[in-house]
Structures are given as C-alpha cells and as structure tokens.
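Same order as they appear, the protein sequences are chains A and B. First residue of the first sequence? That's 41 in this note's numbering, and the numbers climb one at a time after it. First residue of the second sequence? That's 191 in this note's numbering, and the numbers climb one at a time after it.
Bear in mind the hints are in silico, worked out from the structure with no lab data behind them. Note that the coordinates shown come from a computational prediction; the quantities given were computed from them, not determined experimentally. Hints are supplied without guarantee of correctness; some may be wrong.
Derived Cβ-Cβ restraints for the label pairs, each shown as a range [unchecked claim]: (1) V145(A) x K241(B): 23 to 33 Å; (2) D90(A) x K565(B): 43 to 53 Å; (3) G456(B) x I174(A): 20 to 30 Å; (4) P47(A) x E447(B): 43 to 53 Å; (5) G353(B) x E169(A): 28 to 38 Å; (6) P47(A) x S472(B): 45 to 55 Å; (7) G277(B) x I174(A): 51 to 61 Å; (8) I174(A) x V481(B): 26 to 36 Å; (9) A224(A) x N433(B): 57 to 67 Å; (10) I211(A) x N433(B): 52 to 62 Å; (11) P551(B) x T99(A): 52 to 62 Å; (12) E426(B) x P240(A): 51 to 61 Å; (13) V481(B) x I76(A): 51 to 61 Å.
C-beta atoms are modelled at their ideal positions from N, C-alpha and C, and glycine is treated no differently.
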Amino acid sequence: MWLFALPAILINVFIILIPALLTFAAAFVVWDGVGIPAWAGLANFQRMFDDPVFWSALTNNFTWTLIFLTVPVIMALIMAAALLVAPAGRLVVQCIIFLPRILAVAVIGRIFQGMIFSPVTGIIAWLNERGFAISDPLADPDRSLFAVAGVDIWHWWGFLAVVFLAAMRQISVDQIEAARLDGAGFFTLMRYVLLPGIRPTLSLMLILTVIWSFQVFEFIYIVTRGGPAYGSEVLATLAYRHAFFEGDIGQAAAVSCVMSLFGLCATAVYIRLQIREGARSS
Amino acid sequence: MSISRRQVLAAIPAATVAAALPQGPAVAQDGRKVVTFWFGQANSDGQAALKRDLVEAFNASQDKYLLQLDIKGAAVNNLLKVALVAGNGPDIVQTAGPAYLTAIANAGQVLPLDDFAAKYKWKERFLPSLLNTGVYGGKLYALPRDYESMHLFYNKELFSQNGWKLPTNRAEFEQVADAALAKGIIPFGAGNADWKGVNEWLMTVFFNNVAGPDNVRKALSGELPWTAPPFVEAVELSKAWYNKGYFGKNYFSLTIEQSFLQVVNGKAAMALSGTWSFGTKSYGMSKPDSVMDVAPIPGLSAAVPKPLLHLACGATLSIAKNSQNPEGAAAVFDFMLTKQFYQDMNRDWPGKWALPVKDLPPDMLKGVAYPLFEKTISDMHDAFGKGQYGFTTWTFWPGATNSYLIEGIEQVWLNRATPEAYLGRIDTLFAQELKEGKVPPLPPRTS
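One chain only, chain B, in its complex shape (with noise of 0.2 Å):
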C-alpha cells in the first residue's frame, strides 16, 4: 500500500491530537495497574535493599498494584523537572528534598494529599515537624521521606587512648582539636572533592550551633538579616578554624569517604557528618561498633548552651499532577509505614529511609540491628517530635541562596571574600527568593 504525501500531513494532526489525549495507567501482564518511582542515588547495597525490601515486598503484599522502580542516578532532579512539565514523568515524584519541592509544588506538578493523607491517617502516623516541610497554602503536597542531622562522629578508641573527653562546648572542642594538632592528628576528617555539599553541612553547624537556631529561624523568616553579629561570628569561626587547620591540609582533595575513613582509621579524631553516613559500608563504620561513636554536636557560642541536632528531610515523595495510577502510588506510600518495611529498610540501608513516624516504639528499632545507629535514630526522633533542633541548609534554604552558601565560603576561607561580604550577598540572594515564594515552610521550634 502506498501513502500519499498528502495522506502523511494529514495524519500528522490525528497524531498530535492522540498524542494529548489523557492515557490510562498501564497495565502489567497480571493485570495490575503499574506503578513507576524514579530514585535517585543508591549505592549497590541500596540498589539491593530497594529491589527486596520496597519493590519486591510491595508486590507481594498486594495483587492490585505492580511498583516499577528505576535508578535514574545524580541527575534525577533534572530529569525530573523537565519530564513533569512535559507531562510525561512518574507517578511518584521523590525530590531531594524541601528546597527542591517548593518549585514543583508552587507551580501545582504535584497533587495535593489531603484526601489521601485522612483516608490513610497520615497526618497522625508522621511527625508533625517533618510533616509541616510538605505543606503549601495549607496543603499538603509531599511526605517526608526521611529525617536526617549532622552529628559528630568520632574515634572513641583515640579519644580513651589520649585521655580526651567528649567536647560538650566550644572552648572544650578547640582543646582536643589543638591536643590532636600538636599530635599530628587531624581534628576533623573533612572533604570535598567529590561532593561540594560538604560546605554545607559544615556551614550548617556553624550557623545553627554559633549564631543559635533561633536567631537562624529569625533569618529564614525574613525577621533578621543574615548580616547580623551572630552570622558573622559563625562564618568567621569557620574560618578561624578552617585557617587552624582543623579540617587538615587537604579539605579540597579527599572524597567524603576518604575523609571518613581517615576517623575510622585513627588519623583523624573527629567527623562533622550526617545520619546517612551509617549507610556506606564503605566509611568503615560497622555494627556493633567498637571504634567509631556518635554524638549530637555541642553548642559553639554562649546563645547555644546544649547540644543540638538539625532538623533534616533527605528527600520527600509526592504524587505526579499527571499521574495515572495515584491510588497505586498512595498505596506506596502507605505500605512504608508498616513496621517491616521500617525495620527491613532501615537494618539493610541504614539512615537512607529513616521515615519519620510519630510513633517509634523500641521494638521497632530492635529489628535495624544497629545499636549505633538505633541510638542516633531515638535521640533524633526525640529531639524532632519535641521541636527542639536547627534547620538545615539543605532542607530550609532556598535554592540560589544554598547555592552560593556552599560556593561562597570556599572564597572566605581562602580569603577571596571577606565574612561581611560572604553574608552581604546571601542576604541579597535570600531578600530576593523570600519575595519570590521560595523558602520552604518553616516548622516551630521551642527551647
């Protein structure tokens, strides 16, 4: 049969027309509605966990829905964006976190919850705090994927065999970083070659633990500007202590899990790092851990008697504007609240999906198996279900103000750019994504 030239232009506008013509979920052999979820980064024992504990479990746990599961890598943000404006993306949209989702969530590419959040009772199942982080115009857009803070991790066997004592203030933690100094120990394992965000996961402490979260809630909410005495004091002990050579010689040549490993091996005493680190093998952390220990970090100025944890939510999960299958996708999500999924997830990846739930009773930490880990976890979620923590930049942070925090102080530690400066130009970046709608929401706090 031979098609005209006439008869192809023709066809070219019953194609576009069907092309935009609303499509059903697909089907899978078994008749089940699929399910698609795009992640992004997981190492190989994450991969695993992924494909057992949340793919394979949820298939089996139900015969209506089939979850199709695909690692998309570091780009997933990207990729993400641009398939949801072009209608075309998964049916569950998993962002990395808050500061990401404003912008999906203001421009309505993701549905609203509330309907599924009274039909599963999510609203009483996740800490409120972590909750509040996906809620727009009063609705909720998003759930908490997990929680996360930085915490100090650090070498106990080199802390007994030096006779130092856990730092539970500034004057303390310059003590045994200069007792390692003069040792020829580095005082914090710290790098950056392979992931800039370890700016600000610094840059995250000296904020909350010198200027005190209060003054930095003040700041994200626009009441006080981020060239206020407090900020300066913090960036200008970042760097004093960048300049002291507290985060060693090569801050801008080690990997992250160099500069781990550099604690667990006893050549640095100390770590600022996150929750997620419990979930690298490779960091060298093991369970039960008879070298490596954990504790929240002390306050750094007089405004932060305590020490203090920081509020963090790694990723969040929402459900596709185009979505064709929401109820599977909300099945999903229901079925990560079961004490299964938490105990397998959290046992074989620890950290990576640590779900905030409002209730954790002991029991349920017992099945991770991880006494380290199960510690940080309980402190966390005390701390979190209280109101008592930080904000993380990652989490609270507009986009181009986040952005120019992490890159922005690599200049005022090597003196490019003075703290007054650093501080002038995010105060900028900040007044101007304030106006436009960009922070994300802030949950309370109380003392």
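Extracted from the complex, chain A is given alone in its bound form (with noise of 0.2 Å):
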C-alpha cells in the first residue's frame, strides 16, 4: 500500500511539506534572499504587527472573504436552482456562464481595466462622454477592493452555478416533485429541499472559499497592485512586495505564516464537519 501512495507522498513532501516549513522557518530570520540569513527571533512578527499596513491588508482579506461567502455564492445557487427546475437551454446557459472560468486571469483583469473601468478607453468614458458623472472605481481607495471583487466574482461564480447544480441533480427527482405537488414555490424549494440536499458540497465550497480568500493574489496584482493608498492590499500582494520588492523574505514568510493560518483554521473546521459527518451516515 505505501508503493502506490508513495509517488503522491514524495510529491507533497518535496512541493509542499519541505518549503512550508522553510518558510516557517524563514519567518524567524532576517533575510535578503540573497546573503545569508540571521536569526531575528519574533522580531519580524513584532514590525509585521506594528506596520499599520498589515492591519488593513488582514481586514481587506476578512471584507473579501465576507463578500465571496455570500455574493457568489447567492447568484450561484439562485441560478443552479432555476436550472434545475427550468431545464430549457441548460446546456447554453451553464456554457456562457462557465466561460470566463476558463479566461485567464490577465487577459479578464486587462479587459476589466482597460475596456470597462478606465476612464480613456472603457465603458465608463462612454458613459462619462454622454453624461453619466461616474469615475474609475480602482482609482478609489474606498472602492478599488470591491471592484476587483466584482471582476474575480464575475470569473467565478459561474463556476460555482455549475457545481451547485451538478449536486442538486443528485436530489431525488421525487423528493422535488413531491414539494412542488405540496404547492412550494421557488425559494420554498430552495430552504427546505435543494440546500439541505446539497449541503455536502456547499459546506465543501463555503470553506474552500475561506481559503482561497486569504490566498486571493492574482486579479488583485494584476488590476490594482494592491492599490491605491494599499486600498486593496491583502496579505498575499504584501507578502509579494516584502520579498520581491524589498528584498526582506523574513517579513514575507511571516505575512505568508498568518495566511496559512487562517487556511489551517478552515481545514479543521472541514475535517471537524466531514467526521460529523461520517458519524452521522454510519
């Protein structure tokens, strides 16, 4: 047994085990990256908690995190229930709405940029031309987080619909007519019927969610940078500017440290609701 999971065993020792440790270790160290590293003690968790910035980047994580538990999440499930009971054009539909999950990321984060929010060359300068006062949300501090949020939902939550809707065809079709016969109305089949049918999946997703939020990087570097005024900083794009920009790999695997952290919290919470689970069905 341990000759067929060792490839799968070598395969997280050396990609993940061995270089999160380094990196836990890294964060006990003053480091350029280059030179050689000394030993720092607490010291870099003590400047990363005294840098206000970090403060703001670990509460844009928490607001990112809120918004994708509940956005996406909603559109998702509205939309994989209509489905399910309006099966019409399914097929078209899942297929327009799973297409920007196969986009990359840089080429959405370019087009949400350049040919909707930009004041020059996108759709707000043609609403701006025929006079709608409307400005570039990403140049907003207050807004930039949010409207990089809406381009990442747009690319995600249709992923998401298709997922709900392949666990809600697992439902019993008797289950759903019987309801339906006993005169439940939409949102009525929704509380009673298809979310407690498919709460495997959507506890699976809500918590994949977490953390997948406090590793969120890419749409946020690729739009903003983080900014402007660290407007949208989240702790991966300032993990990111300590190493690479910086040169202190210490500061960045201690930033990288309080995300794994949040991850951990996540994953045993998971594992605690699969063993319930378990116990539960046996």
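Assembling the complex is the task here: the two chains are given apart, and the hints tell you how they should meet.
Below you can see the structure in the form of structure tokens.
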C-alpha cells in the first residue's frame, strides 16, 4: 500500500511540506534572499504587527472573504436552482456562465481595467461622454477592493453555479416533485429541499472559499497591485511586496504564516465537519 | 538490463556529487565558449536592437565567444536572485540598478571586476560618478549600463500657441500650470496604472528640486533625518500639486503611454518623465521632433536656484560568482564600449543603453541621428561629468524605503496620511536599512 502512496507522499513532502517548513523557518530570520540568513527571533512578527498596512491588508482579506461567502454563492445557488427547475437551454446557459472561468486571469484583468473601468478607453469613458459622472472605481482606495472583487466574482460565480447544479441533480426527483405538488414555491423548495440536499457540497465550497480568500493574489496584483494607497492590499500582495520589492524574505514569510493560519483553521473546520458527517451516516 | 532498488539507491550519492562538481563553460558547435546573459523587459524595437546590435554584432566581432541572450521579462530580478543562490545563473548578471545590486554584491554573488577593469582600462573610460555606484568595500562589482535623468518633456507647439514660456522657477511653473488648467488642458500628463514606479519619478523631482540635492545627499548619508523641514516642504508641494489637479483627474487610471500621449496630442502641456521616454515609439516622440521639446527641470524652491538633472543608473552589469566564462563576459562588456555599438544601440533604442562613457565626442552622438536625444544626452553627460546632479530614488534609495516611498505617497495625496507621518515612516525604514548596509554607494557632487 505504501508503494502506491509513495508518489503522492513524495510530491507532498518535496513540493508542499519542505517549502512550508522552510517558509515557517524563514519567518524567524532576517534574509534578503541572496545573503546568509541571520536569526531574528520574533522580530519579523513584531514589525509585522507594528505595520498599519498589515492590519489594513488583513481587514481587506476578511472583507474579501465575506463578499465571496455571500455574493457569488447566492448568485450561483439561484442560477443552479433555476436551471434545475427550468431545464430548457440549460446547456447553453451553463456554457455561457462557465466561459469566464476558462479565460486567463491576466486577460480578464486587462479587459476590466482597459475596456470597462478606464476613463479613457473603457465603458466608463463612454458613459462619461454621455453625461454620466462615473469615476474609475479602481482609482479610489475606498472602492478598489470591491471593484476587483466584482471582477473575480464575474470569473468565479459560473463555476460555482455549475458545481451546485451538479450537486442538486443528485437530489431525488421524487422529493423535488413531491415538494412542488405540496405547493412549494421557488424559495421554499430551495430552503427545505435543495439546500439540505447539497449541504456537503455547499459546506465544502464555503470552506474552500475561506481558504482561497486568504490566498487571493492574481486579480488584485494584476488589476490594482494592491492600491491605490493600499486600498486593495491583501496579505498575499503584501507578502509579495516584502519578498520581491523590498528584499525582506523574513517579513514576507511572517505574513505568509498568518495567511496559512487562516487556511489551517478553515481546513480544521472542514475535517471536523467531515468526521461529524461520517459519524452521522454510520 | 534490470536495475535493482539497491543499485538505484547507490547511484543517488554519485549523481549528487556529479551535480555538485564544477562544470566548464558550455561550448557551441563551432567550438566557441558560450556567454549567457539574461535581459529584463524589452519592447519589440528593443528586442530587435539587442539581437542585431549586441548579439549578432558581438558574435561577428570575434571568434572566441558566443553570446546567448535571453529576454526574461519583468520578473528577471526575482529569477536572477534565485538562480544566483542556486549557483545556476547566467554569466552576465544584469540588475535594475545599484539599489538591486547592493544585496547581490554584499552577498558575494558577483565577481570583483578590478582585474578586468585594469586590463580593459574601464576606470579611465567610464564616468566616475556612475562607475562609483558599483564600488563596494573598495572593489568594483558592476559597470553602469546607462545613465538616466528626469526631464521636463513639453509640447512646444502648445506653449507657443498659448504664449507660455518655459518655466525657470516654481512660480513660473505654477503660472503655466494654472493657465493650462484654466483652458481645460492638463498641466502634467501623468499616470501610474501600469507602473507604480511613476510615483517615485515624481518624488525624485520633488525631493531634489524642492529640498535640494545637498540635503538629499545628507539624508542618504544618515546626516539629516527625512523628517527635516526641506523634505516636509517637498512632500507638501507634491500633495498641493496633486490636489490642484496638476496631474489630471485620472492619474491612477492612465498608463504611462496614455499619459505621455496626452502631451504629444496637446491634451496635456508637460510631463515629468525620464530619458527612457525617447526609446518608446508608441509614446509619440519623433525624430526630428516638431511638437515636443525637452529641458532640465527647474528648481522648485529657493534652495535650488538652477535647473537640475538627476543621476540615475537604470541597470548594472556584473559577472556571476559561478560564471564558467568570466573572460567572455568581460569581452562583451568591452565590446559595449565600441563607438559602433554606442551609435547603433542609441540609434535603434534611444535612452535604454546610453552607456556613461567618459569621453563623448560630438561625432559619437552624430551617428545616433536623433537631435533632441543627442542634446539631452550631451547635457546629462556634461552635468554628470561635473558632479552637478540630484539623486534618483530608484538608484540610491534602499529597497524597503523605496517601496514605501512609492506606495506611501499615494496615502498622502489621497489624504490618508500626513506628510509628517509619511516621512516619519521613511525615516524609520531608512535608518534600519542604513544600519544593515543596504544603502548603495553615493557619489560626491559639486554645487
């Protein structure tokens, strides 16, 4: 049995475990990435906690998580349920809503930046010319995070809808039809039949959303680079800045450890749910 | 033939030792020793110029070495650090300037060039102010690939139509800017949507042209805190100009190209930009130029009575510690000093490879065939040769301080931090980096 597991174990040890341990160790040294690391104790964490940008980045990660636990999930649930109860055109609609998922993140970022939000070349410019005073949300530190989240939601929600639809199709048709014969409307059906029926899938996706939300990097880095004025800075962009612009690997590792901590918490919750689910079914 | 598990295990140490053994330089099919060189970003013109004027010309000029150049893109600095630590980098190590070189040189990842410098007489052939930026602990670790400076690019047609004169001080600058605003013209075409470094281009101007280059040098030497009144005045002026709309309403939305084109198209009057602007065709500059003109940026306070140029080195060239062909790399460096290479590269990609040679006779520039660029280079060469310059942030500020300088100024402009708080944080970060030896070497200057 060990021989079968060996490739997976080797990959996990060399690609995940060792780099993770090295990152953890790097959080306790001062290192510029090319010289010799020097022991720093908890100094990197002390500096991180003293840095107001760290706290605003952490807050932005929580905001991002909250947005992604609600907006795309609600949109996807409604779409999946609608496609379940009204199957006409299901294939076409699925293809359309899934399409953004297969586009490269860099391409999507540039499309929204240049063709939608830009006050020179985008739809916003077109609206401005017609008398609508709308400014570029990416240029406003109070709105930039929400604007980038909007871009990522456009990319993400269709995938969620397809996953939820696949899960809903596992629910017994008899159960759904019985509910409808009993007079259940769309939202009643959702509340009492569909949501309980896809609970394992839903909880998995919510937990993965928490993990991914603390790792979010590409969209923010491509579209705003964390700005303006740190308005859309998150932990991953902050760690990247420390590592590759400031040459401070220790600080970057300390920030990465905080990111991992939230991921670990979410994973622990998931494992606990799994155990409880297993105990209930046995 | 079957191989047992024991044989495989026994082979691992041997393979490890073999991998660690020193290797000779790669040899091309024609027997020439290969010299490897990783380059950062280059537009299509730049890539063509690199291929034709550097690689093909060098390989045709001799038969001992074969130069192989890889365009690695914007991530080259990160790739290079990892490769050097792994002992697997290119022979020629190009960094994005002294601020990037400091960590690599301090870590001993590049070779001292003093022996090659003596052999090829580099110390007599490069401008000392630029060459000194590659000296650490008395040893030369890098050659400057170019010199740059911030300049005032302006639409001379627009100036002429409106009767504006080239400003020579802050009052005149603001007079022109206000007149432009009153006519619905953006005073300075500026935008950082694609490159946040634009913030530091502007702050280089404010720090030097308001606080004065002597105060900047003192601060970089640790003799004056960054919280001193001249720097507060500099940051406050940058904020006042931003809030007055001098940089337009869309600073955070426009790309560098879009903002520069505003000046060329007459939608904006001026741009505070660097000499690299000559080398990007899409910016709209032409040779000869009937629309645009270029001038040194005037002083913006009583402390800076004359226009000022800003000493910058956009890239350094070194030889990797683990290079198997250091002689070949040095031969490439020496080839760069030929008149033909200088003229060809500056003609085909102006401003990107303006090698800071000590002697710049007029006929050397004539071959470039770009009058505005020739005039600018000639002025820079003169000022840098005399030691009359300010200090650019991307050349002389250490990494963490520079990163905050770029990001933090947005907080000041958008009223999320006071100039005092901004400078206080810069002072804290700088003091730490100065203590850690991360500040690049500072050349002397004369008034």
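Verification of the supplied hints:
no.	hint	verdict
1	V145(A) x K241(B): 23 to 33 Å	holds, 31 Å
2	D90(A) x K565(B): 43 to 53 Å	holds, 49 Å
3	G456(B) x I174(A): 20 to 30 Å	holds, 26 Å
4	P47(A) x E447(B): 43 to 53 Å	holds, 48 Å
5	G353(B) x E169(A): 28 to 38 Å	holds, 31 Å
6	P47(A) x S472(B): 45 to 55 Å	holds, 49 Å
7	G277(B) x I174(A): 51 to 61 Å	holds, 54 Å
8	I174(A) x V481(B): 26 to 36 Å	holds, 32 Å
9	A224(A) x N433(B): 57 to 67 Å	holds, 59 Å
10	I211(A) x N433(B): 52 to 62 Å	holds, 59 Å
11	P551(B) x T99(A): 52 to 62 Å	holds, 60 Å
12	E426(B) x P240(A): 51 to 61 Å	holds, 59 Å
13	V481(B) x I76(A): 51 to 61 Å	holds, 54 Å
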